[in-house]
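For reference, the chains in residue letters:
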Amino acid sequence: MSKIEIKQKYYRPEGFENQFNEILTTYNKFLVVPGKKDEELEKRDFLYNRLKSKRKFYTKLNNPLTKVGIVVVLLVATWAFFAPWLSPYAFRLVAVKDPNSADYLPPSALHLFGTTKFGRDVLGRLVWGARASLSIGLVAIVISSVFGVIVGIISAYYGGILDSIIMRLVDIIMAFPGLVMIIIIVSIYGSNMSYIMLIYGILGIVGYARLIRGTALQEKSRTYVEAAKVSGSRDWRIMFTHILPNCITPVIVAVTFDIGGIILSLAGLSFLGFGDPRLVEWGTDINIAQRQIEYAPWAAFWPGFAILLAVLGFMLLGDGLRDALDPRLQEKN
Amino acid sequence: MKNVKDMSKTFNNLDISGASQKMTKNDVKPLLIVKDLHTYFFTQEGIVKAVDGVSFTINHDEILGLVGETGCGKSVTALSLLKLIRSPGEIVSGEIFFDGIDIVEKTNEEMLKLRGNIMTMMFQDPMNSLNPVLKVGDQVSEVYLLHQMEFLKDELQKAKEKNSKLKENLKRMKKELKTCSPEGAETLKNQINAIKQQIKFRITINDIARREAAALLDRIGLPNAETIVNRYPHELSGGMRQRIMISMGLACNAKLLICDEPTTALDVTIQAQILDMIRELKRKLKNSVLFITHSLGVIYELCDRVAVMYSGNIVEYGTVQNIFKNPQHPYTQGLMTSIPRVTRESRAQELTIIPGMVPNLIFPPSGCRFHPRCDHAMVICKKIRPELHEMPNKVQVACHLFNKDKSGEEYRKLTEEEKQEDVL
Amino acid sequence: MSHSQAVENGEDIRLEEEAYEGALLTVNHLAVDYPIYGGIFMRRIATVQAVRDISFKVFPNETLGIVGESGCGKTTIAKTILNLVESSKGEIYYKDVRIDNLLKKNKYVRQKVQMVFQDPDASLNPRKKIVDIIGEPLRNLRGMRDNTLIRRRVLNLMLQVSLKAEHLDRFPHEFSGGQKQRIVIARALACDPDVICLDEPTSALDVSVQAQILNLLQDLQRKFHLAFIFITHDLSVIHHIGHRIGVMYLGLFVETGTIDDIFYNTQHPYTRALLSARPAVSEAEKQKKIILEGEIPSPSNPPTGCSFHPRCQEKMLPECNKESPHEIIISETHHVWCWKYN
Amino acid sequence: MSLLKYTIRRFLALIPILFGVLLITFVMTRALPGSPVLSAAGELRGESQAQYIAKLEERYGFNQPVLVQFVKYLRNLFSGDWGESLSVHRGATVAYLIGKAFPRTFEITILSMTLATVVGVNVGIISAVNRNKLKDTVIRFIALSGVAIPIFWLGLLLQYIFAFNFGWLPAGRYFSASLEDLEIITGLRLLDSLLLGKLDYFWDTILHLIMPVFCLAFVFIAGITRQTRSSMLEVLELDYVRTARAKGCKERDVIRKHAFRNALIPTITVVGLSFAGLLGGAVLTETTFTLHGMGWLVVAAINGVDYDIINASVFIMTIIFVTANLVIDLMYGIVDPRIRY
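Residue numbers (the working numbering), protein chains in the order written: chain A, 25 to 357; chain B, 28 to 451; chain C, 27 to 368; chain D, 3 to 343.
What the hints contain is simulated information worked out from the structure, not anything from laboratory work. Since the structure is predicted, the reported quantities are computational estimates derived from the model, not experimental observations. Mixed in with the good hints there might be a few duds.
[Claimed, not checked] Keeping only pairs whose Cα atoms sit at most 30 Å apart, straight-line, the calculated DSS-like set for lysine-lysine is:
hint: 1; chain 1: B; residue 1: K180; chain 2: D; residue 2: K252
hint: 2; chain 1: A; residue 1: K84; chain 2: B; residue 2: K110
hint: 3; chain 1: D; residue 1: K137; chain 2: B; residue 2: K133
hint: 4; chain 1: C; residue 1: K314; chain 2: B; residue 2: K309
hint: 5; chain 1: A; residue 1: K244; chain 2: C; residue 2: K315
hint: 6; chain 1: A; residue 1: K84; chain 2: C; residue 2: K154
hint: 7; chain 1: B; residue 1: K140; chain 2: D; residue 2: K259
hint: 8; chain 1: D; residue 1: K135; chain 2: B; residue 2: K185
hint: 9; chain 1: B; residue 1: K227; chain 2: D; residue 2: K259
hint: 10; chain 1: D; residue 1: K200; chain 2: B; residue 2: K133
hint: 11; chain 1: C; residue 1: K115; chain 2: A; residue 2: K244
hint: 12; chain 1: B; residue 1: K187; chain 2: B; residue 2: K205
hint: 13; chain 1: D; residue 1: K137; chain 2: B; residue 2: K110
hint: 14; chain 1: C; residue 1: K315; chain 2: B; residue 2: K313
hint: 15; chain 1: B; residue 1: K309; chain 2: C; residue 2: K190
hint: 16; chain 1: C; residue 1: K249; chain 2: B; residue 2: K352
hint: 17; chain 1: C; residue 1: K312; chain 2: B; residue 2: K313
hint: 18; chain 1: B; residue 1: K133; chain 2: D; residue 2: K135
hint: 19; chain 1: B; residue 1: K110; chain 2: B; residue 2: K162
hint: 20; chain 1: C; residue 1: K314; chain 2: B; residue 2: K313
hint: 21; chain 1: A; residue 1: K67; chain 2: C; residue 2: K315
hint: 22; chain 1: B; residue 1: K311; chain 2: C; residue 2: K315
hint: 23; chain 1: C; residue 1: K133; chain 2: A; residue 2: K244
hint: 24; chain 1: B; residue 1: K140; chain 2: B; residue 2: K194
hint: 25; chain 1: A; residue 1: K244; chain 2: C; residue 2: K314
[Claimed, not checked] Chain A is faced by these chain C residues, among others (derived, beta-carbon under 10 Å):
hint: 26; residue: L110
hint: 27; residue: Q140
hint: 28; residue: I159
hint: 29; residue: V210
hint: 30; residue: C217
hint: 31; residue: K341
hint: 32; residue: L343
hint: 33; residue: P344
Note that the Cβ used here is the ideal one computed from N, Cα and C, for glycine as well.
Sequences and hints are given; from them, build the entire structure.
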């Protein structure tokens, strides 16, 4: 075979050119431009989607418990966001001292849930308290999940000594009794809201690092990672565009659960008296009211109920998400 | 061969002897009759018609092969026979008669007595099909414990009697020891020690079952059966695990053994071993086998008759010799030609292929499910689902090509566009 | 079509290159060890010799088949060539460039030597669109950045493997096994490779789909003058598509030769057993079965001498279990490692 | 690798962890604001107070660099001298205080974990078997509330209802003030009172323990139920369960014999870690019910800046935690024969 023949065959495979041009001239010109779609194609896509049922994820979430969870989370978020409009009393009155009212008043028309120490309205504190809990929870979770994911993926992907060192550090922090450690740190740095956020965030990194390391190790051994290497992807690209999207699901679930966990733990901290005293916070309320539990149970009951509600909301949502996202459960049916 | 003798002996008391076999031979009734079976899965996406009108029979002492591609409903058919279909699946209609028993009408409680006893099933992946935390012996002996309780109790009684006899002997000897001379004492002591080793402290029914399991594994040709019963599945190789799966099926000498792709996960040489073993066992035990596979080669080597499945239907059904020599249905023809053959002539030829792919079972094509991929597709193929017809060479084929009168618009050939109309 | 036009259409841009006649890939005495760690301090306590001593050459337009049962090291060879696994001994050359420890850095060689993996399901990232999957090598190796250009080139590749235009923006789980394998092949073709290692490309597929893929591979080979290293355990497939074959057992070749040599002039007892164990589909192919006893020994502790001797039914010489056999040249193309022919 | 070698290897790996924990705790205690000797100075004011503090600091070596103190502390620790309390219970040795607090914690832990495991595992199985039915939904909801409930709030509610409202149960502490004088044999009050044959003491302790044990158990039942349910669901879909059904096993046997042991493995982790966490002291519960166990001790120590108690109790909690981890891993090997060391 002469070189010319080879070239001809090589560059113009039979029939291919015509086929290609034909398709280009019909509807495919839209296909090669990202984001554009052709009408006929869309029709086909519609037929196709009829098969694969895009609503799968939403139908999975369509579980009574999950729906309750979503509603509760939205409710608590609304309280937190619209607290100034929803609260019957201004922040000054529920945070410091209400001069127009007395300590531990039973529920009445004026104070629907009664009052607590310094005559502060329980309902008002309940609404304002959502702010502290949610903002601390959210900030802490963002810190810990972002850094945890980065550390975990690097540790899993490179392995070796780096992995050993990171994991030993993780072991040490994990081995600490969590609440005790937080109490000690809070005692050292003072119970400032921003410190508390940081402490929860930093301590949480460890858990996320370990969580994502586990799944990333599994993903790392999958063939598509090798295929990406063969396609010339660099390490960072493999880590963050190939492996990360495939192991983010458990992180999403864990984040939902952990927001609840942090709110709960924060309440415990305040209950022990280590919370930020200037903050309107549910745990602090219970701490204040616990000595009067015999005479004014409402003052301790409602904040606790609010904690339960908020945490339960996140837990229900997390549970639903896990069911919906878990590939093992998904493949069945 | 020693093994053969042993086997026939033990299986005699399990009520499957040559004599009873002969009696059933005269009876022309087939062992299993499946009529128009429909098994659907009611999922959120829609109804998956996994098995849609399947009929076949299995005779006594015969291997029926069920061949088809992934997702054509082979395994679901097999699971339906044992009523092991789990929610959201359901046997919608159809009849299954096994040895005169109506399986579809049976309650779950009644099925428990049949499963593993007179009909049993082994699965594709022997690693996942054996419980990883139980010893192999326990898993095999469980079948005895479930279905052979009477037999085991008899054996237990025998063993206990033997034990008590030994104990009496021991007592007598001990008495003698006190009175006898010093020279005789030496030999007596040895005898006593020997007996002591034979006496078991306590014999339970589990011990008997485990002993039977070891004996079974031994008969099946596993070396060191005594030690293998005390191993865990992960300590064995793939071939050994598959043998253990087979032995579980044979423990009660089931009349029907359903093998769901038993050799797919194995290497060629091991596959040859296992096929050889199934063939041997079937020859000795004269039971029937439903062999499910996607490999035409295995079917050709092992089976007597074959049913070719496509997308929940049987399209061709007959003896292996006839179908492999002269396939009639376009799908079977396509399958046959798409296998690379190992002959000098076949090398030069390009493989002829079936275009397209297996249809989705939620929205299957109308009429004949094969028509979108068929070269001979006609208008009628799109409208009416063909029934199985008996052909001159005793092969049953479900295809409109073999209708007698083929004139009129109904038999116009479809164009490519028409074929693909409702295919996604 | 001019050069610039070709580039615009995302067509092949390698216009000026010469067709190459010599060996594209040369493997010399390759050995690969996997260490096993254990003990209190997790030190290396043993090695699995996945590949022990393998040499071969691959020429353009040719399919070299590597046949063997699971655990014999065939996949390891492919991975070593692609530098996914490090070799412990031996050299690998692409043309005359030594590539066994270079591949990670050298984009050019990555373009020229590509791989298709066994399980099409696992080798596609489930969270990426098809256009991104096939376009990945273009971005990384060709440095293409323009999305429209990449889409055009990807569309071109997809048409080559008979995929449709509307598949561009779908995700892998929406495809059947055969289509997935086509996607994988299209990705391997993206940068105009010379050599493609095919690691059991059809073993996860159904018979009819397997035939489609085999035909496609043959077409592509003809079109692009590709060299294939076809790894498989299915002898009928390699009989159909292959030109030369090496039969492997426990990390070593036991017999190499052309199709005619191996199938119609079989020498090694293992090859004979493999051939006979393959289930036949017609009277013409039926052979007397040779049932091998036992299973493949563990590669961490291979038998002494000829590694096949514990299962060999023709072993006759005392050397069999003492020393490993030498390479016996039966004809120019046909080599066998067995004491019988010494 | 043999079990022994594996255990040795794991113990060796513990050394750096324990060392790290000790060091970090030590440094952190020294960073705590205030000084343990401040309270010791008591009534003293002004010049004499400063002098007295300086004298005490000199005596305990607090004026030396932290690292020097740490080395000294380590030496003492391993020779058995855990130091003495400066503020919580001035003059008592740390070993004595912990020896008094730990059995109490241990008693509650054993009781509540036994209850939680038995109930949790069974309820979890029931829930998995009835997946997505009403029973399952109710169980899941209760289990999730158990995880979400603030334990101190639950404690307060129970106190309010049973102690203050109905007066059936005592509100807190281990025993009635009149029955304090029980001889100590093991330190476990329930066991001691039985050994001594003093049933009134026994009954009294039980009444005191009902509420805290229920509180703790409720929370841990929730965790164990959830874990058992999800691992059971996973196992029930596996091939060997299908094999068991094909053999003709009854559904009950399929669950008990084939599925349960495989599903147990993740549950062991949850039980083990909860157990370890509880042994380290349930800070919140002990505070709510004024039970003077480990949790109460450590919080009191932090409040009083009592260096040695903090160090020792954190050290003990860590040891319990890592040992529990090791035991869990060894248990895996017993339950799952695939795991070899």
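For a quick check of understanding: which of the numbered hints are violated here, in increasing order? 5, 8, 10, 15, 16, 21, 24, 25, 31, 32, 33
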